[in-house]
Amino acid sequence: MAIKCIARLRSRRVVQDQLQTPNEVEAEGGCCWANLPQELLWEVLLRIEESESIWPQRKYPGPKDSLLQCFIKRNRSTQTYYLYLGLTNSALSDGGKFLLAARKCRRPTCTDYIISLLAEDFSKGTNTYAGRLRSNFLGTKFTVFDGQSPQAGAKMGKSRSSRLANLRQVSPSSNYPMAHISYELNMLGSRGPRRMQCNMNTIPATSIAPGGLDPTTQAELNPYQSTPTSFLSKSASMENSVSDQKNGALVLINKAPRWHEQLQCWCLNFHGRVTIASVKNFQLVASPENGPAGPEHEKIILQFGKVGKDLFTMDYRYPISVFQAFAICLSSFETRIACE
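With the first letter of the sequence shown counted as 1, position 194 gets the number 194 in UniProt numbering; the numbers rise by one all the way through.
Think of the hints as simulated: they come from the structure by calculation, not from any bench. All the given hints hold, so there is nothing to weed out.
Listed next, the in silico DSS-like pairs over lysine-lysine satisfying Cα-Cα at most 27 angstroms (straight line): (1) 306 - 280; (2) 306 - 64; (3) 97 - 306; (4) 104 - 124; (5) 64 - 97; (6) 280 - 309; (7) 73 - 124; (8) 255 - 309; (9) 64 - 280; (10) 280 - 104; (11) 64 - 299; (12) 97 - 73; (13) 124 - 97; (14) 280 - 97.
Computed from a predicted structure; not experimentally measured.
Make a model of the complete structure from these sequences and hints.
Spelled out as C-alpha coordinates, the structure:
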(Lines of atoms letter the chains of each structure in order from A and count residues from 1; the text may use other names and numbers.)
(Lines give C-alpha, C1' and ligand atoms only; values in the text may rest on other atoms or scores of the structure.)
Protein backbone atom coordinates (compact mmCIF):
# COMPACT_ATOMS: atom_id res chain seq x y z
CA MET A 1 0.00 0.00 0.00
CA ALA A 2 1.25 3.50 -0.86
CA ILE A 3 1.12 4.77 2.71
CA LYS A 4 3.23 1.88 4.02
CA CYS A 5 5.79 2.42 1.29
CA ILE A 6 6.08 6.09 2.07
CA ALA A 7 6.46 5.36 5.78
CA ARG A 8 9.61 3.35 5.06
CA LEU A 9 11.34 6.09 3.10
CA ARG A 10 14.60 7.16 4.72
CA SER A 11 15.17 10.26 2.63
CA ARG A 12 13.11 13.39 2.78
CA ARG A 13 12.09 15.38 -0.25
CA VAL A 14 12.95 19.07 -0.26
CA VAL A 15 10.36 21.64 -1.25
CA GLN A 16 11.62 23.76 -4.15
CA ASP A 17 12.29 27.44 -3.50
CA GLN A 18 10.22 28.31 -6.52
CA LEU A 19 7.00 27.35 -4.69
CA GLN A 20 4.64 30.26 -4.18
CA THR A 21 4.03 31.65 -0.74
CA PRO A 22 0.65 30.90 0.88
CA ASN A 23 -0.39 34.54 0.44
CA GLU A 24 0.42 34.47 -3.28
CA VAL A 25 -1.49 31.24 -3.79
CA GLU A 26 -4.46 32.50 -1.80
CA ALA A 27 -4.53 35.67 -3.88
CA GLU A 28 -4.80 33.56 -7.02
CA GLY A 29 -7.63 31.51 -5.54
CA GLY A 30 -5.60 28.30 -5.26
CA CYS A 31 -4.39 26.06 -2.43
CA CYS A 32 -0.85 26.07 -1.07
CA TRP A 33 -1.02 22.27 -0.58
CA ALA A 34 -1.72 21.63 -4.26
CA ASN A 35 1.89 22.23 -5.33
CA LEU A 36 3.46 19.89 -2.78
CA PRO A 37 4.91 16.61 -4.11
CA GLN A 38 2.61 13.70 -3.34
CA GLU A 39 5.29 11.88 -1.36
CA LEU A 40 5.88 14.89 0.86
CA LEU A 41 2.16 15.39 1.38
CA TRP A 42 1.81 11.77 2.49
CA GLU A 43 4.63 12.20 4.98
CA VAL A 44 2.96 15.30 6.42
CA LEU A 45 -0.27 13.36 6.86
CA LEU A 46 1.59 10.46 8.47
CA ARG A 47 3.25 12.79 10.97
CA ILE A 48 -0.10 14.36 11.83
CA GLU A 49 -1.64 10.92 12.27
CA GLU A 50 1.16 9.76 14.56
CA SER A 51 0.74 12.85 16.75
CA GLU A 52 -3.00 12.23 17.18
CA SER A 53 -3.53 9.26 19.49
CA ILE A 54 -7.32 9.38 19.00
CA TRP A 55 -7.53 9.67 15.21
CA PRO A 56 -10.21 9.24 13.99
CA GLN A 57 -12.71 10.37 16.62
CA ARG A 58 -13.86 7.16 18.26
CA LYS A 59 -16.92 8.55 20.01
CA TYR A 60 -18.45 10.74 17.31
CA PRO A 61 -21.11 9.65 14.82
CA GLY A 62 -20.15 8.04 11.54
CA PRO A 63 -20.96 9.44 8.09
CA LYS A 64 -24.57 10.07 7.12
CA ASP A 65 -24.34 9.23 3.45
CA SER A 66 -22.72 5.79 3.54
CA LEU A 67 -21.48 2.98 5.76
CA LEU A 68 -17.93 3.29 7.06
CA GLN A 69 -16.22 -0.05 6.40
CA CYS A 70 -14.18 -1.61 9.21
CA PHE A 71 -13.11 -5.10 10.22
CA ILE A 72 -12.41 -6.99 13.44
CA LYS A 73 -9.64 -9.52 14.02
CA ARG A 74 -10.02 -12.00 16.86
CA ASN A 75 -7.15 -13.59 18.78
CA ARG A 76 -8.58 -16.67 20.45
CA SER A 77 -5.54 -17.40 22.61
CA THR A 78 -5.55 -13.99 24.31
CA GLN A 79 -9.31 -13.35 24.05
CA THR A 80 -8.52 -10.05 22.36
CA TYR A 81 -10.35 -8.26 19.55
CA TYR A 82 -8.80 -5.63 17.27
CA LEU A 83 -10.81 -3.13 15.24
CA TYR A 84 -9.40 -1.60 12.06
CA LEU A 85 -10.63 0.97 9.58
CA GLY A 86 -10.54 -0.30 6.01
CA LEU A 87 -8.44 2.19 4.05
CA THR A 88 -8.72 0.35 0.73
CA ASN A 89 -10.98 -2.22 -0.89
CA SER A 90 -8.36 -4.88 -0.14
CA ALA A 91 -7.93 -3.81 3.50
CA LEU A 92 -8.79 -7.29 4.78
CA SER A 93 -5.56 -8.60 3.28
CA ASP A 94 -3.41 -5.46 3.34
CA GLY A 95 -4.34 -4.32 6.84
CA GLY A 96 -5.98 -1.07 7.88
CA LYS A 97 -5.82 1.76 10.36
CA PHE A 98 -6.03 0.53 13.97
CA LEU A 99 -8.94 2.08 15.87
CA LEU A 100 -9.77 0.16 19.06
CA ALA A 101 -9.00 -3.05 20.91
CA ALA A 102 -10.95 -5.07 23.48
CA ARG A 103 -10.00 -7.86 25.87
CA LYS A 104 -12.45 -10.34 27.34
CA CYS A 105 -12.36 -10.80 31.12
CA ARG A 106 -14.52 -13.52 32.66
CA ARG A 107 -15.85 -12.92 36.16
CA PRO A 108 -17.95 -15.15 38.47
CA THR A 109 -21.27 -13.46 37.66
CA CYS A 110 -20.58 -11.55 34.43
CA THR A 111 -18.18 -10.98 31.57
CA ASP A 112 -16.38 -7.71 30.81
CA TYR A 113 -14.88 -6.54 27.54
CA ILE A 114 -12.36 -3.79 28.32
CA ILE A 115 -12.10 -1.40 25.36
CA SER A 116 -8.87 0.52 24.85
CA LEU A 117 -7.42 3.08 22.46
CA LEU A 118 -4.21 1.04 22.36
CA ALA A 119 -3.72 -2.53 21.19
CA GLU A 120 -1.79 -3.75 24.24
CA ASP A 121 -2.85 -1.54 27.16
CA PHE A 122 -6.12 -2.50 28.86
CA SER A 123 -5.58 -0.75 32.19
CA LYS A 124 -8.54 1.23 33.47
CA GLY A 125 -6.29 3.71 35.23
CA THR A 126 -4.78 5.17 32.06
CA ASN A 127 -6.01 7.71 29.53
CA THR A 128 -6.18 4.97 26.89
CA TYR A 129 -9.20 3.39 28.61
CA ALA A 130 -12.23 4.07 26.40
CA GLY A 131 -14.94 2.07 28.17
CA ARG A 132 -16.24 -1.45 28.58
CA LEU A 133 -19.03 -3.85 27.72
CA ARG A 134 -20.52 -5.93 30.54
CA SER A 135 -22.84 -8.92 30.18
CA ASN A 136 -25.05 -10.64 32.71
CA PHE A 137 -24.42 -14.24 33.75
CA LEU A 138 -26.61 -15.70 30.98
CA GLY A 139 -25.10 -13.53 28.26
CA THR A 140 -28.50 -12.14 27.27
CA LYS A 141 -28.20 -8.55 28.51
CA PHE A 142 -25.31 -6.15 28.04
CA THR A 143 -24.48 -2.61 29.09
CA VAL A 144 -22.03 -0.37 27.26
CA PHE A 145 -20.15 1.86 29.68
CA ASP A 146 -18.39 5.02 28.58
CA GLY A 147 -15.22 5.86 30.49
CA GLN A 148 -15.77 9.56 29.89
CA SER A 149 -17.38 11.75 32.54
CA PRO A 150 -20.71 13.50 31.77
CA GLN A 151 -19.14 16.89 32.43
CA ALA A 152 -16.66 16.31 29.62
CA GLY A 153 -19.39 14.96 27.38
CA ALA A 154 -21.40 18.18 27.75
CA LYS A 155 -18.50 20.08 26.18
CA MET A 156 -18.17 17.84 23.16
CA GLY A 157 -20.13 20.12 20.83
CA LYS A 158 -17.52 22.91 20.95
CA SER A 159 -14.22 23.40 19.15
CA ARG A 160 -12.14 20.56 17.74
CA SER A 161 -9.32 21.26 20.19
CA SER A 162 -11.67 20.96 23.15
CA ARG A 163 -13.15 17.74 21.75
CA LEU A 164 -9.69 16.20 21.44
CA ALA A 165 -8.86 17.20 25.00
CA ASN A 166 -12.15 15.89 26.36
CA LEU A 167 -11.61 12.42 24.90
CA ARG A 168 -8.37 12.19 26.87
CA GLN A 169 -10.06 13.19 30.14
CA VAL A 170 -11.42 9.78 31.07
CA SER A 171 -12.62 8.81 34.52
CA PRO A 172 -11.67 5.18 35.16
CA SER A 173 -13.32 5.11 38.58
CA SER A 174 -16.78 6.10 37.32
CA ASN A 175 -18.35 4.66 34.18
CA TYR A 176 -21.61 5.81 32.63
CA PRO A 177 -24.07 3.62 30.69
CA MET A 178 -24.52 4.79 27.11
CA ALA A 179 -26.32 1.75 25.65
CA HIS A 180 -28.16 -1.42 26.66
CA ILE A 181 -28.23 -4.53 24.48
CA SER A 182 -30.60 -7.45 24.95
CA TYR A 183 -30.96 -10.81 23.20
CA GLU A 184 -34.29 -12.59 23.25
CA LEU A 185 -35.19 -16.26 23.04
CA ASN A 186 -35.46 -17.47 19.47
CA MET A 187 -38.50 -19.70 19.00
CA LEU A 188 -36.75 -21.48 16.11
CA GLY A 189 -33.74 -22.40 18.22
CA SER A 190 -30.32 -22.53 16.56
CA ARG A 191 -31.93 -22.70 13.09
CA GLY A 192 -33.26 -19.17 13.28
CA PRO A 193 -31.61 -15.75 13.48
CA ARG A 194 -30.87 -14.04 16.75
CA ARG A 195 -33.24 -11.39 18.04
CA MET A 196 -31.46 -8.38 19.50
CA GLN A 197 -32.38 -4.89 20.61
CA CYS A 198 -30.08 -1.96 21.42
CA ASN A 199 -31.29 0.98 23.47
CA MET A 200 -28.96 3.90 22.77
CA ASN A 201 -29.27 6.02 25.92
CA THR A 202 -27.37 9.03 24.63
CA ILE A 203 -28.83 9.20 21.10
CA PRO A 204 -32.31 10.72 20.63
CA ALA A 205 -34.71 8.87 18.35
CA THR A 206 -35.18 12.10 16.39
CA SER A 207 -31.53 12.04 15.30
CA ILE A 208 -32.36 9.87 12.28
CA ALA A 209 -35.19 12.14 11.11
CA PRO A 210 -34.52 14.97 8.62
CA GLY A 211 -33.30 17.93 10.62
CA GLY A 212 -33.13 15.83 13.78
CA LEU A 213 -31.00 16.54 16.82
CA ASP A 214 -27.37 15.57 16.39
CA PRO A 215 -26.28 13.10 19.10
CA THR A 216 -23.14 15.17 19.80
CA THR A 217 -25.32 17.93 21.25
CA GLN A 218 -27.57 15.55 23.15
CA ALA A 219 -25.34 15.70 26.23
CA GLU A 220 -26.16 19.39 26.66
CA LEU A 221 -29.93 18.84 26.57
CA ASN A 222 -30.21 15.42 28.19
CA PRO A 223 -26.96 14.63 30.05
CA TYR A 224 -25.95 11.26 31.40
CA GLN A 225 -27.45 10.20 34.66
CA SER A 226 -25.78 12.02 37.54
CA THR A 227 -25.14 8.90 39.62
CA PRO A 228 -22.05 6.90 38.64
CA THR A 229 -22.79 3.26 37.90
CA SER A 230 -20.22 2.21 40.47
CA PHE A 231 -22.89 3.11 43.03
CA LEU A 232 -25.68 1.28 41.19
CA SER A 233 -26.46 -2.41 41.30
CA LYS A 234 -25.89 -4.47 38.15
CA SER A 235 -29.59 -5.25 37.87
CA ALA A 236 -30.49 -1.57 38.12
CA SER A 237 -28.12 -0.61 35.33
CA MET A 238 -29.51 -3.38 33.12
CA GLU A 239 -33.10 -2.29 33.75
CA ASN A 240 -32.44 1.31 32.72
CA SER A 241 -33.26 0.34 29.13
CA VAL A 242 -36.98 0.50 29.94
CA SER A 243 -36.78 4.14 30.98
CA ASP A 244 -34.54 4.92 27.99
CA GLN A 245 -37.33 3.98 25.58
CA LYS A 246 -39.81 6.19 27.43
CA ASN A 247 -37.39 9.14 27.27
CA GLY A 248 -37.23 8.99 23.46
CA ALA A 249 -33.84 7.32 23.04
CA LEU A 250 -32.99 5.63 19.76
CA VAL A 251 -33.73 1.90 19.68
CA LEU A 252 -32.00 -0.39 17.19
CA ILE A 253 -33.38 -3.79 16.25
CA ASN A 254 -32.00 -6.52 14.01
CA LYS A 255 -33.36 -6.57 10.49
CA ALA A 256 -35.53 -9.59 9.88
CA PRO A 257 -33.89 -12.02 7.39
CA ARG A 258 -35.76 -13.90 4.70
CA TRP A 259 -35.90 -17.65 4.28
CA HIS A 260 -34.10 -18.93 1.18
CA GLU A 261 -35.86 -22.03 -0.13
CA GLN A 262 -33.00 -23.27 -2.31
CA LEU A 263 -30.28 -22.78 0.29
CA GLN A 264 -32.59 -23.75 3.15
CA CYS A 265 -31.28 -21.01 5.41
CA TRP A 266 -32.03 -17.49 6.66
CA CYS A 267 -30.43 -14.81 4.48
CA LEU A 268 -29.54 -11.13 4.74
CA ASN A 269 -28.16 -8.99 1.93
CA PHE A 270 -24.75 -7.75 3.07
CA HIS A 271 -23.81 -6.62 -0.47
CA GLY A 272 -20.73 -8.84 -0.55
CA ARG A 273 -19.33 -7.71 2.80
CA VAL A 274 -20.11 -11.04 4.53
CA THR A 275 -19.15 -14.38 3.00
CA ILE A 276 -19.66 -17.01 5.73
CA ALA A 277 -23.01 -17.92 7.27
CA SER A 278 -22.98 -17.51 11.04
CA VAL A 279 -25.42 -16.96 13.88
CA LYS A 280 -23.26 -13.95 14.78
CA ASN A 281 -24.14 -12.09 11.58
CA PHE A 282 -26.65 -9.26 11.95
CA GLN A 283 -27.91 -5.98 10.54
CA LEU A 284 -29.39 -3.26 12.75
CA VAL A 285 -31.98 -0.68 11.76
CA ALA A 286 -33.84 1.96 13.74
CA SER A 287 -37.04 0.75 15.37
CA PRO A 288 -40.14 2.84 14.57
CA GLU A 289 -41.46 2.06 18.07
CA ASN A 290 -45.12 3.13 18.21
CA GLY A 291 -45.02 5.42 15.18
CA PRO A 292 -45.20 4.62 11.46
CA ALA A 293 -42.06 3.35 9.76
CA GLY A 294 -40.39 5.75 7.35
CA PRO A 295 -37.49 5.57 4.90
CA GLU A 296 -35.05 6.33 7.71
CA HIS A 297 -36.05 3.06 9.38
CA GLU A 298 -34.91 1.06 6.34
CA LYS A 299 -31.31 2.26 6.41
CA ILE A 300 -28.72 -0.15 7.81
CA ILE A 301 -27.04 1.61 10.74
CA LEU A 302 -24.74 -1.26 11.70
CA GLN A 303 -23.93 -4.58 10.07
CA PHE A 304 -21.58 -7.28 11.26
CA GLY A 305 -20.62 -10.58 9.71
CA LYS A 306 -18.05 -13.32 9.32
CA VAL A 307 -15.56 -13.49 6.46
CA GLY A 308 -12.92 -15.82 7.95
CA LYS A 309 -12.17 -18.06 10.91
CA ASP A 310 -11.24 -15.09 13.10
CA LEU A 311 -12.07 -12.23 10.76
CA PHE A 312 -15.28 -10.19 10.71
CA THR A 313 -16.48 -7.07 8.92
CA MET A 314 -18.14 -4.20 10.79
CA ASP A 315 -19.81 -1.38 8.86
CA TYR A 316 -21.54 1.49 10.62
CA ARG A 317 -22.98 4.93 9.96
CA TYR A 318 -24.59 7.92 11.64
CA PRO A 319 -25.91 8.32 14.32
CA ILE A 320 -23.74 5.79 16.21
CA SER A 321 -19.99 6.10 16.78
CA VAL A 322 -17.29 3.55 16.10
CA PHE A 323 -16.97 2.98 19.85
CA GLN A 324 -20.67 2.14 20.15
CA ALA A 325 -20.60 -0.02 17.02
CA PHE A 326 -17.58 -1.97 18.27
CA ALA A 327 -19.19 -2.58 21.67
CA ILE A 328 -22.41 -3.84 20.06
CA CYS A 329 -20.46 -6.23 17.83
CA LEU A 330 -18.50 -7.54 20.81
CA SER A 331 -21.78 -8.66 22.36
CA SER A 332 -22.31 -10.96 19.38
CA PHE A 333 -19.22 -13.00 20.34
CA GLU A 334 -20.66 -13.96 23.72
CA THR A 335 -22.34 -17.36 24.14
CA ARG A 336 -25.98 -17.09 25.16
CA ILE A 337 -26.91 -19.88 27.57
CA ALA A 338 -30.62 -19.05 27.57
CA CYS A 339 -31.04 -18.24 23.87
CA GLU A 340 -29.07 -20.90 22.00
